[in-house]
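Trainee: Residue numbers (the numbering used here), protein chains in the order written: chain L, 1 to 249; chain X, 250 to 511; chain Y, 512 to 989.
Please note that the accuracy of each hint is not assured.
Claimed, not checked - Using 20 Å as the maximum straight-line C-alpha spacing, the simulated PhoX-like pairs for lysine-lysine come out as follows:
(1) Y:K955 - X:K442
(2) Y:K886 - Y:K563
(3) Y:K565 - Y:K886
(4) Y:K810 - L:K4
(5) Y:K954 - X:K442
(6) Y:K813 - L:K9
(7) X:K294 - Y:K975
To be clear, the hints were calculated from the coordinates, so they are not data collected in a lab.
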Amino acid sequence: MADKVSFIKQVTKALGRTNITRPKDNYDTAIFEDRNLARANAAQAVADANSMAASLIDQMVQSADDAGWKVHRTDNYEESAELIVGICKDHNAKSVLRSAHSVLTDIPIDRALAASGTVLEVTEHSSQSSNRHIEKSKAAAFNADVGITGVDYAIAETGTVVLHPRAGVSRLLSLAPPTHIAVLRPGDVLASLDELFAIQRDDFLNGKLQGSMNLISGPSKTADIEGTTVTGIHGPLEVHLIVIENNKY
Amino acid sequence: MPETSNNNLGTQSVTLFATCMIDQMAPTVGESTVEVLEHLGLQVKFVDQQTCCGQPAFNSGFRSESLPVAQRFLELFEAVDGPIIVPSGSCAAMVRNFYTDLFRDDQSLVERANTLNERLYEFTEFIDRFFGSDAIAGSCDDRVTYHKCCHLLREIGIDEQPLEMLSNIDGLEMTPMNRADVCCGFGGAFSVKMPDISSAILEEKLDNIEATKANRVVAGDIGCIYQIEGGLRRRGSTIRVLHLAEILSESIRNRKTGKATE
Amino acid sequence: MKPLTINFRSKAAQTIGDEQVQNSLEHVYTGFYQGRINAASDTPNWEELRTKGKAIKDHTIAHLDHYLDMFSEKVEQSGGTVFFADNAEEARQYITELAKDRDIETVIKSKSMVSEEMSLAENMNDSGFETIETDLGEYIIQLAGETPYHLIAPAVHKSRKDVAELLDEDFTDGDRVPDATELTMLAREQLRDVFARADMSVTGVNFAVAESGSIVLVTNEGNGRMSTSVPRIHVAVMGMEKIVPSIQDLSTMLRILIRSATGQRISTYVTMVNGPKTPDEEEGPEEFHVVIMNNGRLKLLKDPLLRESLNCIRCGACLNACPVYRKVGGHAYGWVYPGPIGAIVTPVITGLKDATNLPAASSLCGACHEACPVKINIPRMLLELRHKTAEGLSDPDERTSKFVERAIWKTWRIGMMGRGRFDWGARLAYLFMRPFSINGWIKKAPPPISGWTVSRDFPLIAGKSLKYRLKHRHKKEI
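Let the sequences and hints guide you as you build the complete structure.
Mentor: Here it is as structure tokens:
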């Protein structure tokens with residue numbers, strides 16, 4: 001059996017060296033960018049997301065549509081809540097699960113859903129991370145008809161919604177229910193993957209990298225049977241993106 | 250009567266490397282090449298001792314057999330000045346891109362090859378670079394399609410230029426070929442070593458050619474030309490395949506003799 | 512997986528003769544190949560991205576020891592476990608022992624070519640763990656008891672009818688063949704139950720980030736996400752070349768990988784795992800294991816002429832571009848990696864002696880090099896391998912060329928070393944061939960070119976060389 005040291009020693013030898021040598025600065029890879037530059041890149045990404053919010057939202061809407069999201073634009077919270085209730089009703093949803101994203105408490109969605117007679121559950125972390133809790137959380141996700149989340153970021157280049165699983169944002173919430181609704185606000189949209197990974201890198205250098213990250217760009221799909229694209233293999237069959245264009249009301 | 254040269258070449262004299270296949274199997278392609286170059290006002294020299302660049306053995310892995318042949322090629326053509334013209338994408342690619350690998354145990358050979366390569370051009374590339382793709386006018390009443398030979402396309406980088414040249418020929422109707430840039434399946438010794446696979450690839454090419462309704466196919470490498478024409482003949486097709494130099498020289502001649510429409 | 516590279520010729524011939532499979536292989540061109548072409552032309556800085564991707568991989572492979580060291584350290588810092596496996600056997604054993612130790616019942620597998628090297632699903636099933644492939648294509652292949660046909664489209668050779676027979680026990684010959692959507696929904700239902708009860712997952716790794724100890728998974732179906740959400744234990748298996756140095760390198764690498772693989776701007780899901788489930792999370796694997804495998808890759812790394820093959824990001828673009836792959840299909844190559852890149856890594860990893868035909872089966876058209884997102888010069892390496900099999904100069908054991916073949920090339924060389932012999936040889940061939948020709952073409956040629964005339968007429972040698980004709984040409988006025 002190979003232990004780490006002897007395994008890597010073989011690699012060193014195959015490379016024609018006797019010791020691991022640190023590579024010289026090579027700016028083809030970002031690993032040589034220092035902390036200050038990483039911080040500046042990340043700050044710029046966030047600043048751009050705010051200063052160019054309107055145009056980034058337009059781009060996002062376009063590319064999200066290309067990626068297969070059903071996009072709904074609205075300029076107020078009331079209407080966005082109605083849109084969500086409408087989608088749930090269309091799917092005859094009995095059980096709805098939502099994340100703890102703040103946008104979902106800012107919009108009056110709990111009240112609206114309760115009024116429509118749907119059972120709403122919020123994924124919230126119980127202080128004891130017991131096996132029972134995990135099993136309960138999994139079962140809730142697999143049984144839900146609709147999962148609703150905010151977004152941690154969105155990416156205009158690709159029509160992507162980014163979610164960091166954490167307390168209140170379960171991994172399965174945006175995956176297991178047949179319908180996923182994501183709610184986006186101005187300032188959430190980054191220009192491209194470059195900006196997203198600039199922020200991730202800065203978070204990492206500051207010791208703040210989250211446990212995991214999912215980029216979601218449309219409904220689950222496959223083309224494994226005769227090359228025909230079919231939506232909805234393991235994840236949601238339908239994904240909705242609610243875009244709130246103006247949140248200062 | 251040769252036309253006055255209006256090029257930025259700085260010489261009126263070029264040397265032809267015919268390639269072994271054109272030399273012994275398709276000398277008319279070589280003659281056409283000479284005719285086109287002469288039409289451009291150039292004097293064409295022929296190195297009498299020339300044989301092969303070494304590619305066939307190199308591609309089959311027999312580098313120790315290829316090496317002396319390549320070295321011989323290098324010595325013969327080092328001895329003449331001026332541009333060397335090769336009417337084959339594949340052989341030009343061998344000298345330009347693969348001699349580095351063949352000669353790698355002797356850096357002085359690599360350097361000599363590099364020096365030679367500064368003045369070695371594939372036929373189409375040469376005309377396009379120094380005379381422009383509109384340098385040759387002619388006429389030819391025919392319907393043709395163009396096949397992009399792999400090495401000419403991917404190793405030498407000649408893509409749309411031949412089509413531009415053909416578009417200057419009066420009376421010539423070009424019909425585009427589906428998947429024109431997909432290999433014909435020739436691949437040198439591959440075509441006889443793995444005939445099943447080579448033929449399967451060829452069949453697809455022949456279907457795409459027949460679908461164009463062209464009478465003739467133009468291509469830039471003699472190996473591919475024989476692969477395609479051999480396949481067409483086996484199918485009983487009357488479509489014929491010719492080298493770009495052949496259709497250019499034919500069109501020039503037509504223009505001179507007033508054979509085709511102006 | 513046991514290599515069957517020796518059967519290349521017979522498998523290839525079988526596929527060429529199978530009309531249904533040939534029809535399925537058409538999709539490789541019309542779907543994947545065209546998809547990549549379109550995606551590249553929609554990306555203004557495409558060539559720049561390829562150059563950058565190549566530079567990142569070149570750099571990483573040149574310092575692979577450093578980055579493996581860094582990566583494994585970081586995984587362990589974030590609470591994961593790293594196992595270095597010299598070969599497939601060791602990797603398989605580690606995973607099986609882990610499953611035994613943790614009382615695992617059901618293992619879900621995401622698509623991973625590295626796990627195919629270990630025949631992992633088959634072996635774990637034999638060891639008593641219910642092990643299910645969850646990528647739809649892989650699931651179909653598993654039900655069929657076959658191996659993947661393509662790096663990213665494992666079941667590309669299967670028709671809807673084949674799939675219906677595999678998924679639906681009640682399907683009979685006379686039934687209406689379900690459409691792709693119906694079949695996909697049937698698989699969804701079957702696999703949902705499996706996901707819900709899985710207690711361990713095995714996934715591949717698209718990229719492993721050295722600086723943060725992260726792994727990145729690219730999927731469209733969502734099985735990669737299920738695998739990193741549901742089970743208690745997540746095992747990610749990777750070839751040791753999968754590293755990129757920095758988190759920020761991911762934007763370049765993801766862009767070129769996904770566009771080259773499917774023509775999409777991005778896949779539906781990209782999952783980045785930075786360690787096991789964090790304490791305050793709702794769910795997720797409590798254990799995160801990374802298995803880093805050598806399994807013959809050192810041989811590629813050692814040889815500076817073949818090292819570039821480790822830059823491969825397994826997008827499958829070279830397969831889609833390859834005229835040979837599109838005729839002979841994936842199984843002919845006889846091991847995990849088919850197509851042009853397979854024709855390099857398979858012979859080196861499994862032994863060149865049995866796999867001589869893999870590098871030989873190429874017209875050297877260069878479409879693979881043109882398609883490769885990290886610009887791997889595949890034809891050049893195929894030529895290196897041909898050189899080894901022809902002459903075996905560096906390792907005589909690798910020489911598989913026949914005596915006749917060597918004699919032919921020796922004769923060829925002698926003939927090419929002087930103009931007199933060259934003309935004389937051509938003349939002799941001309942005189943010999945002429946009686947068999949009609950209008951300058953031959954219907955049936957003797958060896959060594961008999962292969963040619965199975966499907967093509969062969970041109971007669973000219974009789975008078977160009978040299979002769981130029982000498983005797985009357986200066987025609989043109």
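Trainee: If a hint holds in the structure, say so; if it does not, say that too.
Mentor: Consistency of the hints with the structure:
| no. | hint | in the structure |
| --- | --- | --- |
| 1 | Y:K955 - X:K442 | holds (16 Å) |
| 2 | Y:K886 - Y:K563 | holds (10 Å) |
| 3 | Y:K565 - Y:K886 | holds (6 Å) |
| 4 | Y:K810 - L:K4 | holds (18 Å) |
| 5 | Y:K954 - X:K442 | holds (18 Å) |
| 6 | Y:K813 - L:K9 | holds (13 Å) |
| 7 | X:K294 - Y:K975 | holds (19 Å) |
Every hint, counting from the list given before, is met by this structure.
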